[in-house]
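**Student:** Sequence lines, in order, name chains E and G. Read in order, the letters of the first sequence correspond to residues 1 to 351 in my numbering. Read in order, the letters of the second sequence correspond to residues 1001 to 1294 in my numbering.
Note that these hints are calculated values from the structure, not bench results. Don't take each hint at face value.
Rough simulated footprint, nothing fancy, chain E against chain G, three-plus residues with beta-carbon under 8 Å [what the hints assert, rightly or not]:
id: 1; stretch: 1078-1087
id: 2; stretch: 1213-1225
id: 3; stretch: 1270-1276
Note that beta-carbon positions come from the ideal geometry of N, C-alpha and C, so glycine has one too.
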Amino acid sequence: MSIQPCGVFNTSYGQCMAAIRTKNQWITLIAFFVFMGISPLIFSGYTISLINRIAIYVVVVHGLNLLTGYTGQISVAQSAFMAVGAFTTGILSTKLGMNLWLCMPFAGIVAGLVGILFGIPSFRVKGLYLALVSIGAQFIIMYVLLHWKSLTGGVHGIFIEPLKLGPIEFIGDSSFYYVAMGMACLVTYFTKNIVRTRVGRAFIAVRDNDIVAEFMGVNLYLYKVFSFFAGCFFAGIGGWLWACYIGSASIDQYSLIDSVWFLAMVVIGGMGSVVGTIFGVCFVEILRESTNIMGPIIGDDIPALGMTVATALPLLSLGVVIVIFLIFEPRGLAHRWEIVKNLYRLWPYSR
Amino acid sequence: MEQFLSYLLPGLMRGSVYTVIALGFIVIYRTTSVLNFAQGELFLLGAYGVYFAIAQVGLPAYFGIPLAFIILGLLGGLIERFTLRPLTGQPVLGIILMTLGLSVFFKGVVVLIWSDITIPVPTIFASGGVKFLGVILPTQYIWFAAISICISAILYLFFTRFSTGLQMTAVADNTQLAQSCGVSVNRVTAAAWVIACIITGAGGYMLCTITGVYPLMGELGLRSLSVVLAGGMESIAGAMIMGPVVGAIEFILSGYLDPYVGGGLRDVVAFAVLIVFLVFRPQGLFGWKIIERV
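Make the full structure from the sequences, and use the hints.
**Tutor:** Take a look at the structure:
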């Protein structure tokens, strides 16, 4: 529990439970929403496309954080579940002609059900063995999507019409921004509240000590299934967003390495922290973008390295960042943020 | 029958390469309980290292190949010292992510130095084939089987007869007790990494003489995870038996079913085996540890 600002006293249970407690927090929140609302007018299309990607990944990584960070079930297959969501969207919208907005819950639910399927071994094994299951899941799901050509279109994927709401067409970065950011805010709100309730506490109990959790009356099977469902549901929603954003569902964007990026976002941000997830996604995504920009420049300046540096640099930097964070700050950016916040609140007695 | 044998025999022999890679996993796992997901990339580095030593530097094969493996072994020691030792006592997710991070890092190194094209690895195995039971077997495959049996036998002796090997088993069983009996845990874990990297590099070199080497081949190293798991995470004999079995299952299933499913089944059969084993027999066929059950 973090320290409350000076002079803030709770006089009712409602106040104690409130996520947003002080007047300053309300001001910050409203200012944030206003800023987010007008930012497509301020920033260039490039920045907005970066923010869009961050918003979509926030949705996906919230799911992974529920599954891995809160419940402790390691999954290296988050991008495969994202692919399930994307392809469900593609199949429903083209084969059945379903409205794209209506596809969203289905994308989540199908991804969640596939997640439960691969979560079944979690009743028997945990930890390292579960990581093995998820690696298997990643390869098997991608194989099925690639080879079930009649349904998924194989390597060509499925073309998806732009998202529409009445007369408005969400095409291009600055209009899709509102969809992506809206979903990111909604999922953040939802996750924040899941983890504060009985369900979230049960997740944490399962992670910290499953035997004690069962002894305390937490139904392990139920909560593990729910955790897999929720984690993969968000991945499916993320897949829906991503498919609508780029206008197609295709195989090559959901590889094992993307799953590693997602897991890195969770750990760098701080496992078991909602705000940490957002930090992690921002940090890793900005890192990836800057290495994408830096790569060709370095390749031009140092011809000896050649153009391969553009492909290699994101991988190298991700590897280095993971190693550094695990050794020096295994609790992630969220922990740093807590320290900074407490220093600020206790000032001038914080030294 | 002829067709069946033509799938079975090459499968068995190619599977023996999986055994070699699986032994790399096992040596690390049974000493430190770390499952090294960077194995795929170490396997790549073995093949690229030999390519570098022979084709790029121009060393003779009898000198270049051992040199490449020795350097890879030293790299393994460095990995253990600087990335995994600081994580001792951390939760298992941290360790898994560390090895995944290392695998991404080494993939980056490989792409940076050798680009992402397919490179033919200089081979020391004679080409040609031998006819056996009506099936033509490439000579390479026979060498693979022989080498993998040799490596397994040496490792088995190492773990049952030699002091360092016994110390590794002791560390795996109870680290604190081993330490209080005078075993240097740091030295033993470093030794495990060195040995594992050399073995993995050798396996990678062997497999890449067939297909050539490219960065995505690292995922092939992950396939031998199913061998590790099916045989039992600590069992050398298990890997020795299950390697060829998984190889044969891959060849037979993809041989018979590929026309119906549109090819590429070989890439996922191993993972299906992995999941089946995890659901029905998580400790593998010959594993000796009681698995963490829920």
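**Student:** Hint by hint, say whether it matches the structure.
**Tutor:** Hint by hint, here is what the structure shows:
1. 1078-1087: holds (count 3)
2. 1213-1225: Contact hint for the stretch 1213-1225 of chain G vs chain E: holds, 3 residues under 8 Å.
3. 1270-1276: Three-residue rule met by the stretch 1270-1276 of chain G, so holds; n is 4.
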